[in-house]
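Q: Residue numbers (full-length UniProt numbering), protein chains in the order written: chain R, 1 to 317; chain P, 1 to 380.
I should point out that these hints are in silico values taken from the structure, not numbers from a laboratory. Check the hints yourself; a few may be wrong.
What the hints assert, rightly or not - Result set (SDA-like, lysine to any residue): computed pairs, CA atoms no more than 20 Å apart in a straight line:
#  : chain 1 : residue 1 : chain 2 : residue 2
1  : P       : Lys103    : P       : Gly157
2  : P       : Lys50     : P       : Gly84
3  : P       : Lys121    : R       : Leu223
4  : P       : Lys369    : P       : Gln318
5  : P       : Lys142    : P       : Gly84
6  : P       : Lys103    : R       : Phe118
7  : P       : Lys121    : R       : Phe118
8  : R       : Lys235    : P       : Met110
9  : P       : Lys103    : R       : Leu204
10 : P       : Lys103    : P       : Asp213
11 : P       : Lys121    : R       : Pro232
12 : P       : Lys121    : R       : Leu204
13 : P       : Lys121    : R       : Lys132
14 : R       : Lys132    : R       : Phe118
15 : R       : Lys235    : P       : Asn152
16 : P       : Lys103    : R       : Met233
17 : P       : Lys121    : R       : Met226
18 : P       : Lys121    : R       : Arg224
19 : P       : Lys103    : R       : Arg124
20 : R       : Lys235    : P       : Glu114
21 : P       : Lys121    : R       : Asn221
22 : R       : Lys235    : P       : Pro108
23 : P       : Lys103    : R       : Lys132
24 : P       : Lys121    : R       : Met233
25 : P       : Lys121    : R       : His228
26 : P       : Lys103    : P       : Leu203
27 : R       : Lys235    : P       : Val151
28 : P       : Lys121    : R       : Arg124
29 : P       : Lys103    : P       : Leu154
As the list claims (entries may be wrong) - Using C-beta positions, here's what the derived DEER-type ranges look like:
#  : chain 1 : residue 1 : chain 2 : residue 2 : range
30 : R       : Leu305    : P       : Ala128    : 28 to 34 Å
31 : R       : Trp30     : P       : His109    : 42 to 48 Å
32 : R       : Leu169    : P       : Asp30     : 55 to 61 Å
33 : R       : Leu305    : P       : Asn152    : 54 to 60 Å
34 : P       : Asp323    : R       : Trp16     : 39 to 45 Å
35 : P       : Pro108    : R       : Tyr272    : 42 to 48 Å
36 : R       : Pro208    : P       : Leu194    : 26 to 32 Å
37 : R       : Glu27     : P       : Ser35     : 22 to 28 Å
38 : P       : Pro108    : R       : Val50     : 31 to 37 Å
39 : P       : Arg77     : R       : Ile155    : 52 to 58 Å
40 : R       : Trp16     : P       : Arg74     : 35 to 41 Å
Glycine is no exception: its CB is placed at the ideal position from the N, C-alpha and C atoms.
Spelled out, the chains give:
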Amino acid sequence: MTTDPDNSDFRYPLRWRLMDGAERLLEIVWPRRFGRFTGWLLLLPALLLVGILVLGLWQMAESSLHVLDRNTFLPSEEYTLSNYGTIWQSATYFKVIWRSVQGAVWTVVFTLLLAFPFAYVLVRTPRAWVRKLLLIALFLPFFIGQVVRAYGILIVLGTSGAVNDVFGLIGVGPYRLLFNFPAVVFGLVQYMLPFAVLMLAPALTSIPQETETAASSLGANWLRSMRHVVLPMAKPGIVGASLVVMTLSLTDFAMPAMLGGGSQDFIANAIYDQFFRTADQGLGSALALLLVALGSVLVAVIIGLFGAGTLGMGEKK
Amino acid sequence: MRASPILSEVTKTAVAGQSHAVRVRDVTMDFGSGSSPAVDRASFDLEKGKFLTILGPSGSGKTTLLRMIAGFQRPTRGDITIGGKPVDAAPPHRRSVGMVFQKLALFPHMTAAENVAFPLKMRRFNPAKTPARVREFLDLVKLGDFGGRRVNELSGGQQQRVAIARALVFEPELLLLDEPLAALDRKLREEMQLEFRRIQRELGVTTINVTHDQREALVVSDDIIVMDGGIIQQHAKPVEMYRAPENLFVSSFLGVSTFIDGQVAEGGMHAADGSLLRGTPVSVGLQTGQRGRGAIRAEQIRIDQDQGGLSHCDTVLQVAIKDVIFEGERLLYTAASPILPGVDFQIYHHDPEAFDLYEVGQQVWIGWKAGDLKVFKAAD
Chain R
1 MTTDPDNSDF RYPLRWRLMD GAERLLEIVW PRRFGRFTGW LLLLPALLLV GILVLGLWQM
61 AESSLHVLDR NTFLPSEEYT LSNYGTIWQS ATYFKVIWRS VQGAVWTVVF TLLLAFPFAY
121 VLVRTPRAWV RKLLLIALFL PFFIGQVVRA YGILIVLGTS GAVNDVFGLI GVGPYRLLFN
181 FPAVVFGLVQ YMLPFAVLML APALTSIPQE TETAASSLGA NWLRSMRHVV LPMAKPGIVG
241 ASLVVMTLSL TDFAMPAMLG GGSQDFIANA IYDQFFRTAD QGLGSALALL LVALGSVLVA
301 VIIGLFGAGT LGMGEKK
Chain P
1 MRASPILSEV TKTAVAGQSH AVRVRDVTMD FGSGSSPAVD RASFDLEKGK FLTILGPSGS
61 GKTTLLRMIA GFQRPTRGDI TIGGKPVDAA PPHRRSVGMV FQKLALFPHM TAAENVAFPL
121 KMRRFNPAKT PARVREFLDL VKLGDFGGRR VNELSGGQQQ RVAIARALVF EPELLLLDEP
181 LAALDRKLRE EMQLEFRRIQ RELGVTTINV THDQREALVV SDDIIVMDGG IIQQHAKPVE
241 MYRAPENLFV SSFLGVSTFI DGQVAEGGMH AADGSLLRGT PVSVGLQTGQ RGRGAIRAEQ
301 IRIDQDQGGL SHCDTVLQVA IKDVIFEGER LLYTAASPIL PGVDFQIYHH DPEAFDLYEV
361 GQQVWIGWKA GDLKVFKAAD
């Protein structure tokens with residue numbers, strides 16, 4: 001039995017018809033015979049993005065090879081490595097670089113120590129309201145910019161801030177809690193925590209609850225089950241979170257600037273000073289490239305130690 | 001010499017306590033919130049070295065009961081004793097219980113041998129003796145040469161074997177199996193069922209298995225408990241469970257049966273037209289005139305072209321064939337009788353010679369013995 005399609009009451013859903021229309025339009029704009037170039041087309045936005053980045057790096061590399069002429073305040077014509085020499089010989093820049101690396105490492109350590117339990121409870125709690133509360137706590141900071149948060153920390157940790165008020169109640173202090181290295185790390189940890197939790201939560205979710213149950217039935221108490229089962233299985237997430245926190249902290253600007261009070265500059269602050277205060281583009285570019293190199297080396301070391309497969313990308317064979 | 005009655009009583013209890021590897025008393029799991037308990041006053045004893053299967057549909061409470069024995073959940077009420085020791089307050093890692101999980105839960109970051117060594121390490125087994133022990137148990141499950149393989153390099157059946165070795169290597173007093181075979185294809189599942197039985201007998205380890213697969217329960221077990229709605233319906237040996245179900249649920253859950261509603265009568269039950277179907281009352285307190293439900297298994301109904309071929313039967317009916325299903329080793333007929341409207345008889349027929357016996361629409365005779373039609377109280 002056949003039905004006349006024109007007399008039938010049946011109509012495809014609106015969304016299907018819209019998709020059909022879109023497909024017809026696509027056939028005009030990008031005909032099927034272009035099919036084998038479609039992959040490249042989809043890659044185009046990424047290529048643009050990386051292309052601009054590479055172009056910028058190339059230009060910075062170029063300008064890092066010219067010193068600033070102090071008479072004309074223009075970059076010199078001839079190519080020279082003296083900007084790198086200046087950094088190499090400067091005890092100040094060495095201190096700034098060393099401080100940045102130390103700051104990044106400490107931030108990774110403290111952030112992971114705090115983020116792991118947070119992510120674990122977030123993933124494992126049987127109570128829906130606890131998970132909701134933790135999720136709100138996780139995403140709320142994203143709505144508040146880094147500068148505003150740093151300013152908040154300035155108020156809370158200030159000499160007449162809430163923390164020193166509490167010290168006052170028990171008869172100690174006030175202490176100078178701001179404008180030192182721990183204050184910067186504190187700010188960075190506060191800033192990085194949500195990123196780390198977001199990287200860890202999927203890794204922990206992918207560990208079946210039954211695996212932990214099995215460990216306990218095989219004789220492992222909670223601590224040993226953590227050490228021998230959960231931590232090794234969560235390694236991809238831990239490595240990923242470390243990489244993100246490490247690179248973001250190493251290149252951070254706002255926290256050292258605001259919570260360090262000028263005495264705790266990281267590399268990004270030094271770069272800023274060269275570009276916008278002394279207007280020495282060459283030295284600024286050299287510092288920026290150094291930061292790129294330093295970050296790349298650190299990432300390479302971490303990936304080399306733990307393997308790229310641990311990032312949860314690519315198939316393990 | 002006459003022992004004092006009190007002393008002999010105490011001795012008897014002590015002996016009984018020793019031979020019972022597991023003792024479950026009035027164990028209840030109530031998740032609250034007004035729903036009926038997941039497990040309701042379950043009690044049973046399990047002798048040392050025996051293989052018990054808890055059989056039931058999903059949601060029957062069988063897994064909850066198993067998890068309480070393992071220590072993953074604490075009963076709302078009731079007591080559990082393993083090896084003579086009450087374990088109510090003991091966390092899982094302090095119980096001498098090995099468990100094979102539904103999804104196996106092997107550790108993917110370890111090799112097969114490391115998985116098997118894990119419980120030994122956690123239970124502080126002598127490190128010098130660990131390699132030999134691991135080897136011994138890998139051999140037991142026929143994986144002697146696969147110790148160095150990672151879990152994802154093993155086939156499904158091999159992973160099952162690693163999970164068994166891991167659960168047994170520390171010589172627990174009790175082995176629990178939480179439907180580990182459910183995900184396997186039929187051939188492998190039946191092979192592993194026999195493997196479980198072989199290993200269990202070789203080691204003599206007391207075992208509790210949970211499944212919804214009635215064939216598995218009948219094949220592997222010394223004892224079967226059928227659960228439904230959180231309540232233990234029957235606890236019996238496989239043959240007894242199959243041949244003498246105590247209630248309608250057990251009767252319908254095991255095997256293929258035809259159910260007939262009618263009035264309970266002396267020596268059977270009355271069909272709608274008043275004729276007597278010979279049967280045997282089973283439910284306690286079943287009275288003549290009450291509404292009842294008869295159950296008869298597909299293999300207990302005989303089928304023949306002539307009434308004369310069924311002279312050994314107590315009840316004989318003429319029926320019309322409605323459907324024939326060829327199942328390979330047997331035929332399954334569906335047939336209906338005019339005096340029993342709404343009843344479709346399910347009849348297994350084994351005939352090693354005939355290609356096709358009866359056709360749809362054909363009038364044939366069926367019959368059964370009075371002992372085979374079990375009459376229960378009608379379900380409310």
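Q: Run every hint past the structure and note whether it holds.
A: Status of the hints after comparison with the structure:
no.	hint	in the structure
1	P:Lys103 / P:Gly157	holds (12 Å)
2	P:Lys50 / P:Gly84	holds (16 Å)
3	P:Lys121 / R:Leu223	holds (14 Å)
4	P:Lys369 / P:Gln318	holds (16 Å)
5	P:Lys142 / P:Gly84	violated (33 Å)
6	P:Lys103 / R:Phe118	violated (27 Å)
7	P:Lys121 / R:Phe118	violated (29 Å)
8	R:Lys235 / P:Met110	holds (14 Å)
9	P:Lys103 / R:Leu204	holds (18 Å)
10	P:Lys103 / P:Asp213	holds (17 Å)
11	P:Lys121 / R:Pro232	holds (16 Å)
12	P:Lys121 / R:Leu204	violated (24 Å)
13	P:Lys121 / R:Lys132	violated (38 Å)
14	R:Lys132 / R:Phe118	holds (13 Å)
15	R:Lys235 / P:Asn152	holds (17 Å)
16	P:Lys103 / R:Met233	holds (17 Å)
17	P:Lys121 / R:Met226	holds (15 Å)
18	P:Lys121 / R:Arg224	holds (10 Å)
19	P:Lys103 / R:Arg124	holds (18 Å)
20	R:Lys235 / P:Glu114	holds (18 Å)
21	P:Lys121 / R:Asn221	holds (12 Å)
22	R:Lys235 / P:Pro108	holds (12 Å)
23	P:Lys103 / R:Lys132	violated (29 Å)
24	P:Lys121 / R:Met233	holds (18 Å)
25	P:Lys121 / R:His228	holds (11 Å)
26	P:Lys103 / P:Leu203	violated (24 Å)
27	R:Lys235 / P:Val151	holds (17 Å)
28	P:Lys121 / R:Arg124	violated (26 Å)
29	P:Lys103 / P:Leu154	holds (15 Å)
30	R:Leu305 / P:Ala128: 28 to 34 Å	holds (32 Å)
31	R:Trp30 / P:His109: 42 to 48 Å	holds (46 Å)
32	R:Leu169 / P:Asp30: 55 to 61 Å	violated (47 Å)
33	R:Leu305 / P:Asn152: 54 to 60 Å	violated (23 Å)
34	P:Asp323 / R:Trp16: 39 to 45 Å	holds (40 Å)
35	P:Pro108 / R:Tyr272: 42 to 48 Å	holds (46 Å)
36	R:Pro208 / P:Leu194: 26 to 32 Å	holds (28 Å)
37	R:Glu27 / P:Ser35: 22 to 28 Å	violated (57 Å)
38	P:Pro108 / R:Val50: 31 to 37 Å	holds (34 Å)
39	P:Arg77 / R:Ile155: 52 to 58 Å	holds (55 Å)
40	R:Trp16 / P:Arg74: 35 to 41 Å	violated (53 Å)
When the structure is compared with the earlier hints, violations turn up for hints 5, 6, 7, 12, 13, 23, 26, 28, 32, 33, 37 and 40 and for no others.
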